[in-house]
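2 protein chains.
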Amino acid sequence: MSDGMSVAVVGATGVVGTEAVALLEERGFPVGSLRLMASGRSAGETIGFRGKDVTIEALAGADFAGIDLIFSAPGASVSLEYVPRAVAAGALVIDKSSAFRMAPDVPLVVPEVNGDAASRETRIIASPNCSTIPLVMVLDPLHRRFGIRRVVVSTYQAVSGAGQKAGDELIGQTVAILNRRPMPIEVFPHQIAFNCLPQVETFDPGLEGYSTEEQKVCDETRKIMGIPDLRITATCVRVPVVNGHSESVNIEFESPVDPAEARKLLDPMPGIRIVDSPAQGEYPMAVEASGLDEVLVGRIRRDFSVDNGLNLWLACDNIRKGAALNAIQIAERVFGIDPVRS
Amino acid sequence: MSDGMSVAVVGATGVVGTEAVALLEERGFPVGSLRLMASGRSAGETIGFRGKDVTIEALAGADFAGIDLIFSAPGASVSLEYVPRAVAAGALVIDKSSAFRMAPDVPLVVPEVNGDAASRETRIIASPNCSTIPLVMVLDPLHRRFGIRRVVVSTYQAVSGAGQKAGDELIGQTVAILNRRPMPIEVFPHQIAFNCLPQVETFDPGLEGYSTEEQKVCDETRKIMGIPDLRITATCVRVPVVNGHSESVNIEFESPVDPAEARKLLDPMPGIRIVDSPAQGEYPMAVEASGLDEVLVGRIRRDFSVDNGLNLWLACDNIRKGAALNAIQIAERVFGIDPVRS
Numbered sequence: 007m008s009d010g011m012s013v014a015v016v017g018a019t020g021v022v023g024t025e026a027v028a029l030l031e032e033r034g035f036p037v038g039s040l041r042l043m044a045s046g047r048s049a050g051e052t053i054g055f056r057g058k059d060v061t062i063e064a065l066a067g068a069d070f071a072g073i074d075l076i077f078s079a080p081g082a083s084v085s086l087e088y089v090p091r092a093v094a095a096g097a098l099v100i101d102k103s104s105a106f107r108m109a110p111d112v113p114l115v116v117p118e119v120n121g122d123a124a125s126r127e128t129r130i131i132a133s134p135n136c137s138t139i140p141l142v143m144v145l146d147p148l149h150r151r152f153g154i155r156r157v158v159v160s161t162y163q164a165v166s167g168a169g170q171k172a173g174d175e176l177i178g179q180t181v182a183i184l185n186r187r188p189m190p191i192e193v194f195p196h197q198i199a200f201n202c203l204p205q206v207e208t209f210d211p212g213l214e215g216y217s218t219e220e221q222k223v224c225d226e227t228r229k230i231m232g233i234p235d236l237r238i239t240a241t242c243v244r245v246p247v248v249n250g251h252s253e254s255v256n257i258e259f260e261s262p263v264d265p266a267e268a269r270k271l272l273d274p275m276p277g278i279r280i281v282d283s284p285a286q287g288e289y290p291m292a293v294e295a296s297g298l299d300e301v302l303v304g305r306i307r308r309d310f311s312v313d314n315g316l317n318l319w320l321a322c323d324n325i326r327k328g329a330a331l332n333a334i335q336i337a338e339r340v341f342g343i344d345p346v347r348s
Numbered sequence: 007m008s009d010g011m012s013v014a015v016v017g018a019t020g021v022v023g024t025e026a027v028a029l030l031e032e033r034g035f036p037v038g039s040l041r042l043m044a045s046g047r048s049a050g051e052t053i054g055f056r057g058k059d060v061t062i063e064a065l066a067g068a069d070f071a072g073i074d075l076i077f078s079a080p081g082a083s084v085s086l087e088y089v090p091r092a093v094a095a096g097a098l099v100i101d102k103s104s105a106f107r108m109a110p111d112v113p114l115v116v117p118e119v120n121g122d123a124a125s126r127e128t129r130i131i132a133s134p135n136c137s138t139i140p141l142v143m144v145l146d147p148l149h150r151r152f153g154i155r156r157v158v159v160s161t162y163q164a165v166s167g168a169g170q171k172a173g174d175e176l177i178g179q180t181v182a183i184l185n186r187r188p189m190p191i192e193v194f195p196h197q198i199a200f201n202c203l204p205q206v207e208t209f210d211p212g213l214e215g216y217s218t219e220e221q222k223v224c225d226e227t228r229k230i231m232g233i234p235d236l237r238i239t240a241t242c243v244r245v246p247v248v249n250g251h252s253e254s255v256n257i258e259f260e261s262p263v264d265p266a267e268a269r270k271l272l273d274p275m276p277g278i279r280i281v282d283s284p285a286q287g288e289y290p291m292a293v294e295a296s297g298l299d300e301v302l303v304g305r306i307r308r309d310f311s312v313d314n315g316l317n318l319w320l321a322c323d324n325i326r327k328g329a330a331l332n333a334i335q336i337a338e339r340v341f342g343i344d345p346v347r348s
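Line order of the protein sequences matches chains A and B.
Heads up: the first sequence is residues 7 to 348, going by our numbering.
Heads up: the second sequence is residues 7 to 348, going by our numbering.
Just so you know, the hints here were simulated from the structure itself, not pulled from any lab data.
Using N, Cα and C, we set each Cβ at its ideal position, and we do this for glycine too.
A couple of the hints might just be wrong.
The following label-pair restraints were derived from C-beta to C-beta distances [to be verified]:
hint	chain 1	residue 1	chain 2	residue 2	range
1	B	122	A	232	52 to 62 Å
2	B	9	A	286	49 to 59 Å
3	A	313	B	262	49 to 59 Å
4	B	270	A	341	52 to 62 Å
Partial selection, computed: residues in chain B whose CB lies under 8 Å from chain A [claimed, not checked]:
hint	residue
5	82
6	83
7	147
8	193
9	195
10	233
11	261
12	269
13	309
Pulled out of the complex, with its shape left as it was, chain A reads as follows (with noise of 0.2 Å):
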């Protein structure tokens, strides 16, 4: 590996990062050299990039001096502690974790939203939520034409959002259930086979009865769309789906809007795919999003029940464009890099 930055992946061996060295390939980021890490357990083991072997490193104690870009996707608490160390060692940090997506002085980016502010001056930059990232791709455009005047959204989100372990326990409990065996419960607080569970991640006191994904969701679109004041209300719910997260939709505008501007608005913008014709059985699906670097609208509807209203309902790869794809897409925005289309 020779011309191109030093990229390092931390977290490499969760969902995300695996992805996110995939994809690294698969667009031909300019990697000049890739370091790996996680967390000592695996240590010594390799994941492939480009046909060859990269053996992962122990992020506890690793060196950071020379790596030019990290992309980050540990538990917050990891990154917290690591991050400032690979910032101070000069590293820019693209951050998927929630550590610090809320801080005032890093930019909460999607690029298709609010790409110019993500900058190489802060040194970190924080990757949203993934209910976050194709709720905001979606509002923006709307926002911007019609005035957004309220948002309700309700979510059905893949387990694969939770971790490798999460998409075991689904297929495990799945299996247990098709065989009338006992199953196991340890990652998600109950069953989630055949189940819809309305808790994604915790519930805190401080919070009013809703969960950190809830909050999440509002306050990091109010964020990366820069209206603080955003009238938005979430319901998060984990549903048994192994990847691909979808959302129904509800908005409320300033100005009449009807389906087909909003469908004609939406279709060209980049990373949205209109998929409405639902007489004819075409609507956005997870299993369709699943492996898209879209994301899929569809069910565009006026809403009769208020003034300026409609429905719609959304899915996407919460891995990909939900994670790994919007950090890499950050540092092809922040350093003017073009990919390469499989």
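Start from chain A and add chain B according to the hints.
Showing chain B alone in chain A's frame:
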């Protein structure tokens, strides 16, 4: 069998019909004689009732003379055809299909909400859609106290509502995916296993992008609550859950409303059980609602995006209270029968 009413169950082999037969026994309904009717294909089969096998008759050509009460759970087209004949022969029909629900002279009844509308005089009483029933049970008491201004509901509907073959398809697809085999897609328009489908029933050109299910939820809620201009909008979604519908409900009220006040108001309501300690992992879930008579209600919290707003989450056995149980409770109400609780 002697003493008691001459009762028939039409559509007796379906998911709802089977549950109705079981509930008649479980609740000690005063059945003097029981006739079971279904399509010709099932004629001659038997279903157990109070320890004896009852033989299924073909509905086509059945003689309804002498039947006091029919629990009717076939498809709407079948109901449309046979119900007038049954009524002409003297039966009171409680019909679960959508055939007569919106007919002005047919009461559409959830006993806890508008039980007074049920009467033997109309000869046909309609039981609402499985998504509508739990929703109105929650909305009605809240409306009486705080006055509802607008409702936004997103559903998470189990496959059992689509019949026995739908349950088989979810399980069949799940097994096929786990074994990496081709999967059957026959009942639903797309893969339902590990997926969410923003389609319940069909899309009619006249409904401006809404599914027939979404239209029913709105129209039926207005009729049952007696508020023809109630502002309500719905997004109905099928999820890979075997049994038990969940709903994310956002409500804007005329008067200020406190979550604790709403909880206290709903708690003693018949047919409602508050499950609302999210920090302790206690909230309504489809797998816990399944098999229960009550609608589980929780995640009750203030919606800060609007004056006088609440969000809540409910779960309900869509085959039981959402269908068969509600029909039997209508009969109990009309005939003044106290159920025997098992």
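- Task: Could you check the structure against the hints above and give me the numbers of any it violates, in ascending order?
- Result: 3, 5, 6, 7, 8, 10, 11, 12
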